[in-house]
Amino acid sequence: MKIVRLGKTGLEVSRICFGCMSFGKQTDERPWVLGLDEARPLYKRAWDAGINFFDTANVYAQGTSEEITGILLKELAPREEIVLATKVFGRMRPGPNGQGLSRAAILGEIDNSLRRLGTDYVDLYQIHRFDPFTPVEETMEALNDVVRAGKARYIGASSMWAWQFAKLQHAAALNGWTKFVSMQNQLSLVYREEEREMLPLCKDQSIAVLPWSPLGGGKLTRPWGTETKRAITDRYNKTMYEKTGDREIVAAVEAVAKARGTSMAQIAMAWVLQKPEVTSPIVGVSKMSHLEDAIAADDLVLNTDEIKALEAPYKPQHVAGF
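So in the numbering used here, spot 114 of the sequence shown is number 638, and the numbers just go up one at a time.
Calculated directly from the structure, the hints in this document are not laboratory data.
No false leads were mixed into what you were given.
In silico DSBU-like cross-links for lysine-lysine, where the CA-CA straight-line distance does not exceed 30 Å: (1) Lys675 / Lys703; (2) Lys598 / Lys675; (3) Lys799 / Lys811; (4) Lys727 / Lys675; (5) Lys598 / Lys549; (6) Lys532 / Lys675.
Please build the complete structure, drawing on both the sequences and the hints.
Here it is as structure tokens:
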């Protein structure tokens, strides 16, 4: 597994990031998630393959993803050998102040996340979305305080408009606060709208790009029309990945995979990895084969003709995932 720097920081992370959304307590939103014993061999295989970067969030499986992640990472290696990331923003309890990026939410949720993870700090603390109801200065000062308190080493952001990300960064720069070092946004062969502004912004500012859903919610891993438990039951998949034109993109991935004699997942992941702005795509796995495909993609290099064939069917679409 290749090792790269996280943006312009000195932190070294694996070229593939292990996404932990697939683990925890089953909920109505995600009835397909795996429990502790089912997750254990996947975490171990990731670590044995050289993956040192693990990403979760407080909202995943109502906090239980963090709990499982904390337990299993302790079994794998000393804390200082792991690069651990989590997120804050989503609703964690009903009523006022149960979500968002206010000072109250950030300072409260970092402590809750650390407790569930069983650690004194996270390496990367990320805002899960932009909060339009909280002043950017309030959010950035609170995140700065989290870093100064030693509860996070770096901070990052996730899907939002490029102008919102720039506004947050500007507030931090003006006040001498900690700035974001990473952007976790949606990028795959079936969703390329981030190529317009966010990717160029990140490249210009040396911001690490950590794409989520690099396989299009699994759509790019199988022939068109194939159904899985996640595709059928996950309400987010149903709304995010049923777009006009995807059939042709999936067919292109299938054709390149057949010509290469490899899996569709490896081809789709290799396309994301070849993007010069990309640092470490986040791979969500629920089967060992998913993980093996991601690991193998690290060594797969697409040629110019293959990239053109994969990109040709794409048509501009409405922005999604914010």
